[in-house]
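Fit chain B to the given chain A structure using the hints.
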Amino acid sequence: MWNLVMSIIPLSLAYTAPLLIIALGGLYSERSGVVNIGLEGMMGIGAFAAALFTVSMQGTLGGATIWLALVVATLAGVALSFFHAFASVSLNADQVISGTAVNMFSAALTVYLARWITGSANVQIKRFFIKTDVPFLSKIPIIGPLLFGNAYITTYLVLAIIVLSWFLLYRTRFGLRLRACGENPHSADSMGINVKNMRYTGVLISGALAGLGGGIVIMTYAKEFSQLTYNGLGFLALAALIFGKWKPWGILGSSLFFGTAMTVANMSIIVPALKNVPNIFLNTFPYVITLVALVLFSSSSAGPKASGEPYDVSKR
Amino acid sequence: MHKLKAFLSDDKNQNRLIPFLSIILGFLVGAIIMVISGYNPLAAYSKLLQGAGLYGNLRRFGETLVLMTPLTLTGLAVAFGMRTGLFNIGASGQMLMGGFAAIAVGLLVDLPKVIHLPLAVLVAVAAGALWGMLPGILKSKFNIHEVVSTIMMNWIAVWTVYYFVPTYMMGKYNTESAAIPDTASLRFEWLTNLFNGSSINFGLLLALASALLIWWVLEKTTFGYELKAVGFNRDAAKYAGIKVNRNVVLSMMISGALAGLAGATFYIGYTDNIKIGELPSLGFDGIAVALLGLNTPLGVVLSALLFGIMNAGKGFMQAATGVPNELVQIIIAVIIFFAAATQLIKRWLRYFARNEKKEKANGGEA
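Just so you know, the protein sequences line up as chains A and B, in that order.
When you line the first sequence up against the numbering used here, it's residues 1 to 316, in that order.
When you line the second sequence up against the numbering used here, it's residues 1 to 366, in that order.
Because the hints were derived from the structure by calculation, they are not lab data.
Okay, derived cross-link-like pairs now, DSSO-like style, lysine-lysine, Cα gap no bigger than 27 Å in a straight line:
no.	chain 1	residue 1	chain 2	residue 2
1	A	223	B	275
2	A	131	A	223
3	A	247	B	141
A quick note: this is a predicted structure, and the numbers were derived from the prediction, not measured.
This is chain A alone, in the form it adopts within the complex:
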């Protein structure tokens, strides 16, 4: 049993990290009042950009490649999210349709470019993050090997970003303003806050984090880009965002929960104790539990109130 836990927990953390950072991206966007169905697409373009950058630079840049690849992934996510921001904030377009267009555009463009540049729909990389034991911390009995042994350093990067985000959103003026735009843009506007700018900021940050999440997927456990490497992770992040009640610590919990479910589902083939559990239960679990959670939350509407509504100055 201990061995099983020892093998599941570190792997779960590896799966949780990208999920968490993408869901956090969704949080910024929705808190500012823009629904972001396009997380999947923004993650995809980040994943592709990271893979492409690594393939073309892994010979010349050496060890720095993997970190720069994450930067490139982040920028790619920002670039794609700009279109979503432009449509939803400046043009008052339907945010769900715009997000869907972003997803389709990203899925098609990345494979188009992959075929054009490398001749196949897959891009394999030779440099990536390697699992290491964190010095000193991994020596702590019990918790050490579980949380700090055999881990990707990116996981701690993600955890740092979530702590920072909590501080930014709940302890600074910027955070209060951003959240106000998602709750009641009209009163935010009347207090002199530029709602459009805030919403642009929210969407662009969400693109950055989703892109970074895609980069982390490629640079840690996937090690190659293809459509199947991230199939549906952006939507799973959306589920984590909802199940986490649109709050940083909430999505930390829900991402861990879903990440573990994903790991157990993937491992069920090799673990004797889980062999007889049909994978349908583990695989559908995050989505089913999110629907159940939505029913339970329904009386106390947990989400940002104005999320999904274009800001129309003339409507009060």
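Only chain B this time, still in chain A's reference frame:
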């Protein structure tokens, strides 16, 4: 020129022009991408149309109609939802469940074709309706937005197929089901021969009949009027005595049923088996079809034909010119983007109309 200007400043005309301008812009962006990546866009588009059989190849045109079939139905599913105030983004999952149910009936039951085929189609419709019913209930009872719940249902569908297909219906590989027997296929030999051996099937007639039926329901029946009233204004509809909650559930079920039928036409009419681990993109394409068709049945049929042409010709285009076939999906995404960003196109049109006005005024003074 004066007439054109007057025409362009009218809001209704602008709304009608948007689909056409979106299509043009979509192909324009596609051309720009091809030029940047070193391909000749005119040659590629020409091959795209040739591959779709528009230059007279009957078999290829048959394939265009084959792909137009599920697009018509997913387009109808989304459009019907939109008309009744629901955004059914789950057409993909409903289509997948419909196709999965049809394949299951095809493989697990042994019957003569006269019973087997109608049974498979009906079960597909029922499965799609069921997959749409749950989000409908969640919306009416708990006020849960259908976009969120249908997205969850999409992935539940993916993993359901992922489990059941290898376990009970495995084909040559464990990533796909076995091929269905002829008794459950929507293809008929005389129809195949009529189009020189294309995989055209009976689904096309079902799709066109559905379009007619949906038109009739929406425009000619009290039921359709009530559904549209709920879509326009829920509160007013409720005040007028319409059972809003019941209608929301029924709308989602009808929308899901159409998507389920799309699954039947695709999986037992075209591919003959079902692959695991993927959502059919035709469900999302349905959003584009509905948007371009302005959510009317006739418009849906016409835009489904356009997307059918693009999807049927893309393989030929890739083989003949080397342009990756994903180009078509890029164009569709761009079309959706512009069709959603109506304000942008309207702004351009207004700007254009105003400039005409100014020039006239300046000319008059001089």
